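J.: Each chain is listed here by its residues.
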Amino acid sequence: LSRPILLACLICLLLLAGLATLRGELLAFAIPLLIYLLYALVQFPQRIDLDIQRALSAERVHAETPVTVTLTITNRGAVLDNLLVEDRVSSGLKIISGSARHLVTLRKNGSFTFSYTISGSRGGYSFESVYTEACDPVGVFQRAQTFPAAGQLFVFPEVTRLKFVAIRPRRTRIYAGSIPARASGAGVEFYGVRDYQAGDPPRAINWHASARHLGSLFSNEFQQERVADVGIVLDGRERTNLFRGGHSLFEYSVLAAASLSDAFLNQGNRVGLLVYGSYLAWSLPGYGKLQREQILHALARAQVGASSVFTGLEHLSPRMFPVESQVVLISPLVGEDLNVLVQLRARGYQVLALSPDPVAYESRILGLTPEVGLAARVTRMERDLLFRRLQRAGIRVIEWDVARPFDQVVRPALRRAPIPQHMGRIV
Amino acid sequence: VIHITLIINIILCVGSLAWGYGQSGRESFALWILIFGAVWLIALWRRLAWFASVGLLASILAAALGLWLGLSPAWMLAGILFGLMAWDLTEFRRRLSLAFFEDDLVGLERRHLLRIYLLLLAALLLSSIALTARVKFSFEWGLLLAIVTALGITHLIRWLRNS
Chain A
1 LSRPILLACL ICLLLLAGLA TLRGELLAFA IPLLIYLLYA LVQFPQRIDL DIQRALSAER
61 VHAETPVTVT LTITNRGAVL DNLLVEDRVS SGLKIISGSA RHLVTLRKNG SFTFSYTISG
121 SRGGYSFESV YTEACDPVGV FQRAQTFPAA GQLFVFPEVT RLKFVAIRPR RTRIYAGSIP
181 ARASGAGVEF YGVRDYQAGD PPRAINWHAS ARHLGSLFSN EFQQERVADV GIVLDGRERT
241 NLFRGGHSLF EYSVLAAASL SDAFLNQGNR VGLLVYGSYL AWSLPGYGKL QREQILHALA
301 RAQVGASSVF TGLEHLSPRM FPVESQVVLI SPLVGEDLNV LVQLRARGYQ VLALSPDPVA
361 YESRILGLTP EVGLAARVTR MERDLLFRRL QRAGIRVIEW DVARPFDQVV RPALRRAPIP
421 QHMGRIV
Chain B
1 VIHITLIINI ILCVGSLAWG YGQSGRESFA LWILIFGAVW LIALWRRLAW FASVGLLASI
61 LAAALGLWLG LSPAWMLAGI LFGLMAWDLT EFRRRLSLAF FEDDLVGLER RHLLRIYLLL
121 LAALLLSSIA LTARVKFSFE WGLLLAIVTA LGITHLIRWL RNS
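Just so you know, the sequences run in chain order A and B.
Counting from 1, one number per residue, gives the positions in the first sequence under the numbering used here.
Counting from 1, one number per residue, gives the positions in the second sequence under the numbering used here.
Isolated chain A, as found in the complex (with noise of 0.2 Å):
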């Protein structure tokens, strides 16, 4: 029974009372809650007039990084009581000081400034409104009202840095860049031997071979570099990524999609992103800073999704991917995403999979049983056939372990380009 209901029910049954027994001393009682309820009446204000504004120190930040959040309140309207102010915050933040609820007493064209700290894992949070509750002084009539007050906050994933990362796309790009492309020009890479030009520098002049033939002269060739396009495939199905108990290899993922990232468009790379979860979220290939703030965008909402459309990796068209261009899948990989990769090296694709090991990841969740440990060889068996049929087909296979660091694990595997091979035969 609400506050208010419950005072005109009494007051009703004093005043009835007191009539049906013809007795004005219980009339005389229904008098202190007749007041009380008229001044609620009186007082409760008829409106809410706030003006509200956000402000949060930071807008972009890497997880666990603390954030305050800002707000002010100004009273436009008449005096408020007991004025309850409350931020509504995304349930994936925790409030680690202060707090998003208070109350006040706000005078007319008063204003009240709280500040908040939170903090959160990777994610893309918006804050909306914020909720208010008046009341009349008593707190007999309450009055609640959302205001908006917008704000951002983008939680981005941990970025290992990664000097170097070698990778050789069939096709490069016109630009200058540190991706050897397969024809002459200024570069380091030792590429050939031609007659000498006029123009070439002396030092250029392959002595050696002149030798060899009296009255001719030889110049040394070196490759050019160039940048490529690179297209990173994020995996985030469920059936690969979810275990027993919520744990998930998506965030390892994430990180090695940012380090990747980062390192490919440090190196002069175009850079897509394709998230394969539930749906297809892509990024559309780019370079330079503005770029990488797309990605780390992309990877702060990045979430893993189940969907029966995107069980198997049949939905990722080579047409998404520059002909002939550099495609890295971050994956953990289940056996069935064998053909799609074959298929995407069949067309002139370099496929570079860096798989987080699923194996090791769920055997330390289960626990060393006998059972587990079974179970895990026979995986781990089936894993390794894969991927050497991922080998066999010319896809670079980098396995981690994500109990070890990302960058000890993929620098020195990454640090070298493969040597160029036509297709195998698939086993």
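Any given hint could turn out to be false.
[As the list claims (entries may be wrong)] Label-pair ranges, simulated between beta-carbon atoms:
no.: 1; chain 1: B; residue 1: I129; chain 2: A; residue 2: T146; range: 41 to 47 Å
no.: 2; chain 1: B; residue 1: I35; chain 2: A; residue 2: L41; range: 32 to 38 Å
no.: 3; chain 1: A; residue 1: V42; chain 2: B; residue 2: V106; range: 23 to 29 Å
no.: 4; chain 1: A; residue 1: G92; chain 2: B; residue 2: S97; range: 39 to 45 Å
no.: 5; chain 1: A; residue 1: T68; chain 2: B; residue 2: V106; range: 45 to 51 Å
no.: 6; chain 1: A; residue 1: G77; chain 2: B; residue 2: E27; range: 19 to 25 Å
no.: 7; chain 1: B; residue 1: L151; chain 2: A; residue 2: G92; range: 18 to 24 Å
no.: 8; chain 1: A; residue 1: L41; chain 2: B; residue 2: G142; range: 20 to 26 Å
no.: 9; chain 1: B; residue 1: E140; chain 2: A; residue 2: L41; range: 47 to 53 Å
no.: 10; chain 1: B; residue 1: L48; chain 2: A; residue 2: Q142; range: 17 to 23 Å
no.: 11; chain 1: A; residue 1: F147; chain 2: B; residue 2: E140; range: 32 to 38 Å
no.: 12; chain 1: A; residue 1: E128; chain 2: B; residue 2: L124; range: 24 to 30 Å
no.: 13; chain 1: A; residue 1: F164; chain 2: B; residue 2: D104; range: 56 to 62 Å
[Unchecked claim] Listing some non-contacts, in silico: residues in chain B with all C-beta distances to chain A over 10 Å:
no.: 14; residue: I2
no.: 15; residue: I11
no.: 16; residue: W19
no.: 17; residue: G22
no.: 18; residue: L31
no.: 19; residue: I35
no.: 20; residue: F36
no.: 21; residue: I42
no.: 22; residue: W45
no.: 23; residue: A63
no.: 24; residue: T149
no.: 25; residue: T154
It is worth saying that the hints were derived from the structure and are not from the lab.
Model, not experiment: these values are computed from the prediction.
Ideal Cβ positions, reconstructed from N, Cα and C, are used throughout, including at glycine.
Position chain B relative to chain A; hints supplied.
T.: Relative to the frame of chain A, chain B by itself:
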């Protein structure tokens, strides 16, 4: 401060009513009222805020019954006033629990207590005047007054609920 004031008000509410009943030789009634007061305090301790409404209703019913039995109206009125204040403070305490510890809780408490004291003082004065003054109302006028009051309150509540 609120907590102590609340306990004192509950004690004063049941104490006034029990004293009124006790004075007229109805000790068993007084005992039941004291037991109810103890239950109210336990409910307060267990943070059962809804029990304050039961307490207010019970104190009004006890006061009305006391009046019917010919007890002193002053003690009964005091019981209602303290019951109303206990009911009010229970709600205020619930609202204060929503506040952050750095909010101006002392100021909020002080303002509320001052306001409620003044309000109940005015109510006490008016009720006392109403109890002592003897104005002859015919039954028809009284009935009309009651119907108008009841209708007015009902419409008001309906309007507020809709808005």
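J.: Hints the structure violates: just list their numbers, smallest first.
T.: Numbers 4, 5, 6, 7, 9, 11, 12, 23, 24 and 25 - these are the hints that the structure violates, sorted from lowest upward.
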